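*Asks:* When the letters of the sequence shown are read in order and numbered with our numbering, they come out as residues 1 to 228.
Bear in mind the hints are in silico, worked out from the structure with no lab data behind them.
Values in this document were obtained by computation on a predicted structure and should not be read as measured data.
Some hints could be false.
To be verified - Subject to a maximum C-alpha distance of 25 Å in a straight line, what follows is the list of computed PhoX-like cross-link-like pairs (lysine-lysine):
1. 112 to 140
2. 157 to 97
3. 157 to 45
4. 227 to 169
5. 55 to 186
6. 222 to 45
7. 161 to 186
8. 186 to 157
9. 120 to 97
10. 140 to 45
11. 227 to 161
12. 86 to 120
13. 222 to 169
14. 140 to 97
15. 186 to 140
16. 120 to 83
What the hints assert, rightly or not - Simulated restraints on C-beta separations:
17. 177 to 49: 20 to 28 Å
18. 178 to 127: 17 to 25 Å
19. 87 to 220: 44 to 52 Å
20. 49 to 159: 22 to 30 Å
21. 220 to 71: 21 to 29 Å
22. 79 to 166: 34 to 42 Å
23. 49 to 95: 18 to 26 Å
Note that beta-carbon positions come from the ideal geometry of N, C-alpha and C, so glycine has one too.
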Amino acid sequence: MGPKGWFILKLLMFQGLFISYSQDQEDFDFFYLVLQWPGAYCDTKRSCCYPTSGKPAADFGIHGLWPNYNDGSYPSNCDPDSKFDKSQITDLVSSLKKTWPTLACPSNEGFKFWTHEWEKHGTCSQSAMDQHDYFENALKLRDRANLLEALTNSGIKPDDKFYDLEKIKNAITDAIGFTPGIECNKDPERNDQLHQIYICVDTSGTEFIECPIFPRGRCPSKLQFAKF
1 MGPKGWFILK LLMFQGLFIS YSQDQEDFDF FYLVLQWPGA YCDTKRSCCY
51 PTSGKPAADF GIHGLWPNYN DGSYPSNCDP DSKFDKSQIT DLVSSLKKTW
101 PTLACPSNEG FKFWTHEWEK HGTCSQSAMD QHDYFENALK LRDRANLLEA
151 LTNSGIKPDD KFYDLEKIKN AITDAIGFTP GIECNKDPER NDQLHQIYIC
201 VDTSGTEFIE CPIFPRGRCP SKLQFAKF
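Produce the complete structure using the sequences and hints provided.
*Replies:* Structure follows, in structure tokens:
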């Protein structure tokens, strides 16, 4: 094989590696729907800022819809060319402000938060859904989970009292049919608080499933459900 032949072979090999890498970036096993309790987010040393639309409702808000692998790792920032485009979600903005509110400082509308979530996580799900579908599916899944109702129906209320971790898990499992992952944080007094709930979703981004793996980190047997 002459020099030209070797060059063509190497070029084909490079292209093959490149294509394989690109496909791997969009190949994932499931989603985490991550829902956060605003009372716990705000009750930390860093505190929080309410969005420009005002204080959100005392309910679980969306943190994100994150593609994941079964080994616990995850793809991220898969397509630098796919920028967040607010014009694609015009019909969803009012719902996003209510149920996917930003609590970061300084106070803002939320577009910075949604931009981050799309560009880091959403771009890795484009084999399953476009930008509008990504946000719309997350909103629908959050409403279907209806976590606050599931917990309050079991007597678990955001009243600063402490509740058994297993009772929290069981209340959500009974309501949605699948076991959630629970993440906690600490308030300035070092109390462990119910912070985020992870629910696993299939690769279409539409149906709850049993989690292949739960997020890292352990919570104690009793958690405070903070007021908001």
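*Asks:* Could you run down the list of hints and mark each one as holding or not?
*Replies:* Evaluation of the provided hints:
no.: 1; hint: 112 to 140; in the structure: holds, 21 Å
no.: 2; hint: 157 to 97; in the structure: holds, 24 Å
no.: 3; hint: 157 to 45; in the structure: holds, 23 Å
no.: 4; hint: 227 to 169; in the structure: holds, 19 Å
no.: 5; hint: 55 to 186; in the structure: holds, 22 Å
no.: 6; hint: 222 to 45; in the structure: holds, 21 Å
no.: 7; hint: 161 to 186; in the structure: holds, 14 Å
no.: 8; hint: 186 to 157; in the structure: holds, 18 Å
no.: 9; hint: 120 to 97; in the structure: holds, 20 Å
no.: 10; hint: 140 to 45; in the structure: violated, 32 Å
no.: 11; hint: 227 to 161; in the structure: holds, 9 Å
no.: 12; hint: 86 to 120; in the structure: holds, 16 Å
no.: 13; hint: 222 to 169; in the structure: holds, 12 Å
no.: 14; hint: 140 to 97; in the structure: holds, 14 Å
no.: 15; hint: 186 to 140; in the structure: violated, 30 Å
no.: 16; hint: 120 to 83; in the structure: holds, 10 Å
no.: 17; hint: 177 to 49: 20 to 28 Å; in the structure: violated, 36 Å
no.: 18; hint: 178 to 127: 17 to 25 Å; in the structure: holds, 23 Å
no.: 19; hint: 87 to 220: 44 to 52 Å; in the structure: holds, 45 Å
no.: 20; hint: 49 to 159: 22 to 30 Å; in the structure: holds, 24 Å
no.: 21; hint: 220 to 71: 21 to 29 Å; in the structure: holds, 27 Å
no.: 22; hint: 79 to 166: 34 to 42 Å; in the structure: holds, 40 Å
no.: 23; hint: 49 to 95: 18 to 26 Å; in the structure: holds, 21 Å
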